[in-house]
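Colleague: As a plain string of letters, each chain reads:
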Amino acid sequence: MALHRGRGFAAINYPIGMNLGGDPSQALVHSNPGGKFMVALSSIDLGQGMKSVTRQIAAETLGVPVEDVYVDTADSDTGPHCMGSFASRGTHRVGNAVIEAAREARAVMLEAAAEELEVDPGDLVTDGQGNIHVKGAPSRTITTAEACAAAQFRQGRTVSGRGIFLIPLSEVDPETGEQTPVSCFAHAAMIVEVEVDDETGEVAVLEMNSAYELGRALNPKLVEQQLVGGAWMGMSHAAWETTEPYYPDRDHGPIDFNSYLMPGPGDIAPHSIAVLERPAPDGPYGGKGPGEMCANPVLPAVANAVFNAVGVRIDELPITPEKVLRGIRANGGARPQGRP
Amino acid sequence: MPVRVETFDSLDAAASALRSTRSARFFGGGTLLMRAANHGDQSFDTLIRARDPSFRHIRSESEGVSIGAGVTMKEIIAHRDLSFLIPAAQAVGGPAVRNMATVGGNLYANSPYGDLAVALLVLGARIEFVGQGGRGVEIEEFMRDRDRHQGSIVRAVVVPRPRDPSSFRFVKVSRVKPKGISLLTIATYLPQSGGRIRGARVAYGAMGPRPLRATAVERLLDGQYLDSATIERAAAAACDGIEPRTDSLASSWYRREVVGIHLKRLLTGDRR
Amino acid sequence: MIEFRKEYFADERDDNLNEIGKPTQRQDALGHVTGRSPYFDDHLFEGLLHIRCVRSPHDHARIRRIDTSAAERMPGVVRIVLGKDVPNNLNTLLSLLDFGIDDEPLISDKKVSYKGEPVAAVIAESERAARDAVAQVRVDWEVLPAVLDVEEAIKPGAPVVNDVYPGNRFVYHGKYDHQKLRFGDVEAAFRQADRIIEGRYQMSPIEQAPTETCGAIAAPETNDRYVVYTSTQALFFSLDTTSKLLRVPSNRLHLIGGTVGGGFGGKVDSLHEPMAVLGTMLTGRPCKYIFDRHEEMQVGAPRGAERWYLKDGVMNDGRIIARKFTGYFDSGAYTRLSSYAIIKAVGHLPGPYTIPNVYADVYCVFTNRTPATAMRGFGITGVDFAIECHMDKIAHELGMDPIELRILNAYRDGDMKAHRRLAKNTALIECCHVAAEKAGWPLSQAARQASSLRDGGGARAEIPHTVTDQHGRVEGYTAGSYAQKKRPSGPAGQARGPQSPASHPSRDSIAVPSSFDRAPQPMSRPAPSAPPASAAVAPPPPPTAQRPAEQHAPEQRRVTRFSSISGLRRR
Amino acid sequence: MARKPLQFQLNGRHQAVFTDDGQNLLDLLRRGVGDLTPKYGCGQGTCGTCTVLIDGEPHLSCLTLAETVDGRQITTTAGLAEGAELHPLQTAFMDNFAAQCGYCTPGMLLAAKALLDRNPSPTREEVVEAISGNICRCTGYEPIINAILDAAGRRNQRRYG
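Protein chains in written order, with our numbering: chain A, 1 to 340; chain B, 1 to 272; chain C, 1 to 571; chain D, 1 to 161.
Hints are supplied without guarantee of correctness; some may be wrong.
[Stated by the list, open to error] Output of the computed footprint for chain D on chain C, the stretches with three or more beta carbons under 8 Å from beta carbons of chain D:
1) 28–39
2) 204–211
[What the hints assert, rightly or not] Listed below are the simulated DSSO-like cross-link pairs for lysine-lysine, each with C-alpha atoms no more than 27 Å apart in a straight line:
3) A:K221 - C:K6
4) C:K438 - A:K135
5) A:K221 - C:K22
6) C:K155 - C:K110
7) C:K311 - C:K393
8) B:K264 - A:K323
9) C:K311 - A:K323
10) C:K111 - C:K84
11) B:K177 - B:K74
12) A:K323 - B:K177
13) C:K311 - C:K244
14) C:K22 - A:K36
15) C:K84 - C:K110
16) C:K155 - A:K221
17) C:K22 - A:K323
[To be verified] Ranges of calculated distance between the beta carbons of each label pair, as one might list FRET restraints:
18) C:R64 - D:E126: 55 to 63 Å
19) D:D55 - B:S193: 41 to 49 Å
20) B:R163 - D:E126: 51 to 59 Å
21) A:R329 - B:G208: 19 to 27 Å
22) D:R31 - B:A36: 49 to 57 Å
Note that these hints are calculated values from the structure, not bench results.
A virtual CB, placed ideally from N, CA and C, is assigned to each residue, including glycine.
Modelling step: build the complete structure from the supplied sequences, incorporating the hints.
Modeller: Okay, structure coming up:
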């Protein structure tokens, strides 16, 4: 018996958002008299970090520290319409809506500050630390808190903003499929190294090296969370998971986390990730959305690595030891393809 | 109707309650019965418990170690007299499950569960029942028609100590690391005298509906030196007379193809 | 470990921002580590009732009779709900976007088309009481033949899974039993190709498996409204679906969610909100409807299986000059979101490569299994598996390095894609470079010198003369749209010419109007002009006749249409 | 339905409650006591999200018959922090971004606490074994493993430094 190592490659791109009935999301932003801001959304945080990324986007746009902003998600009475958290649309669509809402609120805040400082709003800048001052004259300054208080109690202005971002529906031509599916694409390339046991067909993922281009990484830690967890899920889809192990036969469908197979903490492989950031022209600060595409390159890369290791093409997922062993038997033994 | 729970201080009282109550089950650690109750299992409406201390004893006896049926996997792992069972007890579930799962429950578990029972099977354990005198029954007899014993309570399992610990080997093959359910489990007990195997016992888990003996393999090993030729012959016959089960982890075909490989690796000490 | 390669595309970014790009702690981190984050089930209600469904044990069966008398007498049972109790018991999620025909009951009362389909719901004082009563509901089934394989399902005489679509195929644009992609002439290019390489690929059905199962709690709110705590991934899909199925004005529904124990797509089209609100409407008490793990695994909608056939025309130097797809999405018994996944997939083909001739027929097929829905990578993951395994196969057959094959065929800024939009903001080649570098995978100098910013556009920006066909034509459906709803739409295909038989593509070359109303693309930069192809890696010149790209100027959008991808009605 | 009186310590506080016949501990803690930190993930003992410590050892509350905890010490995630001061594991989970949806986090924290209380300086393999009964669908486990090793390091620093 022998263990055979193999390397497999895959490269993918991924459409950000969707083309379905128009793709809108809305956001509302307002401040209290203390210059602390609330963002109201009906969007959902599934763990991907919707609350956190929109909070940073709002703070950046308003020109205030992130601590001055909190995001409330998913209350249909207070949060304006959003299609939902799917299709990698959250960061891109909701983020853009938050920018528009925050811009409007910022404009009112600067008008209030201008009135207090008796200058033109166009001459004012924020320092991101909670201060507003005249361009080139830092001494002529007012805090965002003071500006918002003045708006509320002296000037009668609402420091608030509404935002919507809509990618309108693109017609799809019945004859050619012509359409504008989405507005931007993320990219990835991955090399997976596996070890295949030619007596049992067992496949172990030894190492992953990847490069992901995601537009701007709005929060590097949230990006890392998605890429690390997503690659694990890609491994899982490649070699473990299915609700119907004998598809299209429906028998023996798993009913719990013991029979529904996923890699355990002892199966995970070292994953070295490089992130490239080519800003999306229409993305919030150039952001795209890493949430879905991060899993996709792993599936074919594992299949290609198995072929490189033992010369067996598994073109039906998942890549189970049984399928690999049947392939090795059909070939009359393992046929290592040589290290690329 | 909600599940009733009746608790008794003595196993004997619990046993008579179990006999007299229709659709009652005896409750050990709960890993099987609470799951069934949570799922709305309609086959029982009463759970019977016992607080009897004897239910949880671990006691050395002349012919081996007597383990109360209420002893958990965790307690087996922690007990110095049972170190030979650690590989099997450690193979059961994660830490939380091992704190709950009992020896008695493991005997009644259906595949792919029941890893400890595979070890008990090769070691020739004896099952003692509450309220039944005598020596109880040999474990393979118990496994053969386990349902007949549904109505009775296992008090303890008496496990002979392997004369030479190295003569007992155990492996659980799973798809998930470090812990997953069994694709197949193999336990071998190959005591030797004069270098030859005497009284070989080999058992599998997850190959059938419950743990079973690999008698063809035992016959090939008995009286032989444990050399590579013998191991090859044993591996080739690993599935003789056995129709492996198909489940969500693997097909009957796959189990048949690899059980010999894993048996060979276990016997040659090739653990990867 | 992770590194951020800032040197790439640095000139396209301003990295000196205050908050963007900072590793700021998550807003919800403290709630998570203290166990205080409020998921839908973390709201306690006095007198909460529990809903459990009676489910089909059969893949396909007619319901002759449902006897609930024994169940009604069970202790703790408050109410048993049947299909007739649902005010508007037929829906399809995307009808909210005027896409597709209502085809799925909330509680089925005539027939079931998958194992696990609900035919009754028990509302009881405790979960256990509900489970016990479910076990007492007697259903008289007439078991029907079932079909479980996508290619079996579309054969003549196959059992009809979904009565709305007797052909077991979703209908696109009220016109075809599949979605077409046509770009150039693959058949002509196959004849020019040095080799033809084919493959068949199967994506498995996959459970989203969030650690929190799908569920919702509804309760009467003051002001004669209903409050709903929910695990939904799409608050307004859930709100509008509930409003439609129960005929409740949407402003009488107050949905609260937003903190969810994982979704991965499985909570986009959940039917827990309408079921819970229905329970509350019928009992006046708070009602909880939640999947147990067994239901989440086998009844909750998975990522559907996909089967893809690929046929490529390849030159010996590695250029791919034609790629043909036939795809089958296994939608299960009802439409849910599979119809849309195909639109998304077709817009994605032929993958991140510039191939001058592309053809796809993609079918949304109904089978007697759990309806499929979204999952992470929806519509793309399956075909990317097919494409990238196929690319590896091509590299092997040509004896070519698999990464260099990708770089040679990679799409670049300014290239025309098969869905007839110019590529921009591309970065596939750079990802290939960095991944290879990290893994110590040697690349030729030519491959290393390639760039997404160079050698695109020019001839590669043109739309080839395209062959179209009428195969797969269906009758009896009319395309509708939000804009047309007010007036009844005319019979299908009246204005169309004669239809060719649905077997082989007709060879007549219809000049295709090459511009449809497209989305405005804010902030889009002009596509780079195409310098002469560098000697390094010459990207493939399109081999077939060209039509000028000017015809691509964006056209004034017609009246705003909420949706008309395939809003359709059964005539 | 028979209701039985039951007394136990929950996070150091005495609890006297009634339990329904056949009720599992998860349901008792959540609906009976109002401690919502243990989560329902499967009711089958296969996911670990309902993990609690009973006399310091991890148990699956969904498979624990509530009445069997009479007189015992139960720890949930609600009992990890001392007042406003987070447990080192909680801090480490935050610093390592070891939570995404957060649903498995309470069970993970308790599985990890049981390990560190008995083995203050575990190896990576011991950490992996300790969480082997707990499913996480978001993180790929790596950040969780790192967080637990990190917390162990801090605890040792605190002890020796």
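Colleague: Between K221 (chain A) and K6 (chain C), does the CA-CA distance stay at or below 27 Å?
Modeller: Holds. K221 (chain A) to K6 (chain C) sits at ~16 Å (cutoff 27 Å).
Colleague: Within the assertion that chain D covers the segment 28–39 of chain C, do at least three residues meet a Cβ-to-Cβ distance smaller than 8 Å?
Modeller: Held - the segment 28–39 of chain C has 11 residues with a Cβ nearer than 8 Å to chain D, which meets the minimum of three.
Colleague: Are the Cα atoms of K311 (chain C) and K393 (chain C) separated by 27 Å or less?
Modeller: With Cα atoms ~12 Å apart, K311 (chain C) and K393 (chain C) stay inside 27 Å; holds.
Colleague: Would the pair K311 (chain C) and K244 (chain C) pass a check requiring their Cα atoms to be no farther apart than 27 Å?
Modeller: violated (44 Å)
Colleague: Taking 41 to 49 Å as the hint, is the beta-carbon distance of D55 (chain D) and S193 (chain B) inside that range?
Modeller: holds (46 Å)
Colleague: With 19 to 27 Å as the target window, see if R329 (chain A) and G208 (chain B) comply at their CB atoms.
Modeller: holds (24 Å)
Colleague: R64 (chain C) and E126 (chain D), beta-carbon distance inside 55 to 63 Å?
Modeller: holds (59 Å)
Colleague: Hinted pair, alpha-carbon criterion (27 Å max): K22 (chain C), K36 (chain A). Please report holds or violated.
Modeller: holds (20 Å)
Colleague: Next pair to validate is K438 (chain C) with K135 (chain A); report whether the Cα-Cα distance is within 27 Å.
Modeller: violated (45 Å)
Colleague: Please verify whether K264 (chain B) and K323 (chain A) have alpha carbons no more than 27 Å apart.
Modeller: Holds, because 22 Å separates the two Cα atoms, which is no more than 27 Å.
Colleague: Tell me if the straight-line CA distance from K155 (chain C) to K110 (chain C) falls inside 27 Å.
Modeller: Measuring from Cα to Cα gives roughly 25 Å; hence the hint holds.
Colleague: Are K22 (chain C) and K323 (chain A) close enough, with their CA atoms no more than 27 Å apart?
Modeller: violated (45 Å)
Taken one by one, the earlier hints fail for this structure at numbers 4, 13, 16, 17, 20 and 22, listed in ascending order.
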